[in-house]
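Okay, here's what each chain looks like letter by letter:
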Amino acid sequence: MTTAAFGTHNWGMVVDVDKCIGCNACVVACQAENNIPINTQDRVERARSIAWIRVERYWIGDFPDAKAQFIPIMCQHCENAPCEPVCPVYATYHDAEGMNIQVYNRCVGTRYCANGCPYIVRFFNYWEPVWPESLRNHLNPDVTVRSRGIMEKCSFCVHRIRRVARGARSAGVEIADGAIQTACSSACPTSALNFGNFNDPNSKVSKMRDDKRHYTLLDQFGTDPNVIYLAKIDANKKVGAGEASSHG
Amino acid sequence: MLIPVLALGGLGAIAVMGVVGAFIITGWLGQPVPVLGFEQTFNQPIDFPHTVHASLNQLDRVAADGQPMEGLGLNCTYCHRTVTTQANAGVPPVSFCATCHGVIGAEDNPQLAKLRDAAGIVGDDGASPINWKRVTRLPDSVRFVHEPHIRFLTQNPSQIKGVTDGVAQGAAGTCSTCHGNVASMKQVEQVEPLKMGQCVDCHRDNNAPTTCSACHY
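Chains as they are written, first to last, in the numbering used here: chain A, 115 to 362; chain B, 372 to 588.
Incorrect hints may have been included.
Cβ pair distances, simulated, as ranges [unchecked claim]:
{"#": "1", "chain 1": "B", "residue 1": "516", "chain 2": "A", "residue 2": "244", "range": "24 to 30 Å"}
{"#": "2", "chain 1": "A", "residue 1": "281", "chain 2": "B", "residue 2": "464", "range": "21 to 27 Å"}
{"#": "3", "chain 1": "B", "residue 1": "462", "chain 2": "A", "residue 2": "136", "range": "43 to 49 Å"}
{"#": "4", "chain 1": "A", "residue 1": "335", "chain 2": "B", "residue 2": "558", "range": "55 to 61 Å"}
{"#": "5", "chain 1": "A", "residue 1": "327", "chain 2": "B", "residue 2": "531", "range": "53 to 59 Å"}
{"#": "6", "chain 1": "B", "residue 1": "502", "chain 2": "A", "residue 2": "248", "range": "21 to 27 Å"}
{"#": "7", "chain 1": "B", "residue 1": "414", "chain 2": "A", "residue 2": "332", "range": "55 to 61 Å"}
{"#": "8", "chain 1": "A", "residue 1": "287", "chain 2": "B", "residue 2": "509", "range": "26 to 32 Å"}
{"#": "9", "chain 1": "A", "residue 1": "327", "chain 2": "B", "residue 2": "527", "range": "45 to 51 Å"}
Don't read these hints as lab results, they were simulated from the structure. Yeah, the Cβ is synthetic: ideal placement off N, Cα and C, and Gly gets one too.
Produce the entire structure from the sequences given, and follow the hints as far as they go.
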């Protein structure tokens, strides 16, 4: 096989929740990168807005000692994805690189997958996407514009993966760690979002995943996500006597 | 128009349905019959002859000195410069045409007059791009990138299909696999159906990825 061969990677993401400051730069970057239609007020009011990545905010404590905590949530690219077996036309499937793929031209819009997803990261196009004339030339030519009646979700910026992999194959080298950045991870000012290859034990994400703070969302469902979260560190938490030594 | 059909009754209706059905099936399996706006070739704003530029054969044209004309045999990549490095083959800007045609070519040639007008050499309205009509089209859901295909066919010449009247060296020798013998075309047309079955057949034969997300994203 040639270098950077297809199917030899396992793409994934490590989200350090402790670093997230809730700035929403990832949301804006994703919106611009992936030709996501503009979420107008009436769409938001009808709970039909589309955001492939969202930052959820939780208030901890009561006023005046309340603190906001943030967690960015995108498609978890589950190894045992609940969305995949319910699709009657195989429009969503798990590929050899650990990604949950949405094939827009196969999708017939049954919305079963969105009902199956416990993370609520799948979005249905209830309307034909419309952009103001001033934004017509801002669309990303590498990403399909989804028409009405099609399900869509975070793709791990697959077009960026393909572009970097193509360049690596052309140059005959392996894909360097960190060479592929998704739109959200490249926009993140605090490096809370990290993208990389879990198959490489020396990659940044593989080392981050070994952190003892790691957990996955809704672990009880056994979806085995490829997005790993690192728990927030609570500075006020009293460390128990037994834990003190292990915390170092 | 329907009167003869109605006169024949059921037989006429079956005949009409047969013709329409045959049209749909041919369009489904390959390219539609070139009628009713389904033509595969277009009248371009300028009659650019690939024969003169890319072919090496003798042409049915006469040069200014009365001698029969031969094709220039330019390499495809001479004009379509980005084809070996990027997704799109690239159509050269008018200024690139004008590097030759600012000097070369009869002044009374009406097609070259249009080109020189567009390049801003003649006329006083400055330079303006030519709105070439796109001949080879793929659906919006497909991301086709020229670069890996040219690279593979350059490294594996045995997979090249078709012949060309032009220069068949380097990247130029690989284009005929999908685009046919462009060097022989006065008006470029799409010769292969370029449907997904054709893509997948070739990808299977050559161990290229056939996962959906290789092309659809």
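Hint check results:
1. For residue 516 (chain B) paired with residue 244 (chain A), a C-beta distance near 29 Å keeps the hint of 24 to 30 Å intact.
2. Residue 281 (chain A) and residue 464 (chain B) have their C-beta atoms about 25 Å apart, which keeps the hinted 21 to 27 Å range intact.
3. Between residue 462 (chain B) and residue 136 (chain A) the beta carbon distance is about 46 Å. The supplied range of 43 to 49 Å therefore holds.
4. In this structure, residue 335 (chain A) and residue 558 (chain B) meet the distance hint of 55 to 61 Å, their C-beta atoms being roughly 60 Å apart.
5. Evaluation of the 53 to 59 Å hint for residue 327 (chain A) and residue 531 (chain B) yields a pass: the beta carbon distance comes to about 55 Å.
6. Distance hint check: the CB atoms of residue 502 (chain B) and residue 248 (chain A) are about 22 Å apart, consistent with the given range 21 to 27 Å.
7. Taken as a hint, the range 55 to 61 Å holds for the pair residue 414 (chain B) and residue 332 (chain A), whose Cβ atoms sit roughly 60 Å apart.
8. The hinted window of 26 to 32 Å between residue 287 (chain A) and residue 509 (chain B) holds, with their beta carbons roughly 29 Å apart.
9. Between residue 327 (chain A) and residue 527 (chain B) the C-beta distance comes to about 49 Å, which sits within the given range of 45 to 51 Å.
Of the numbered hints given earlier, the model fails none.
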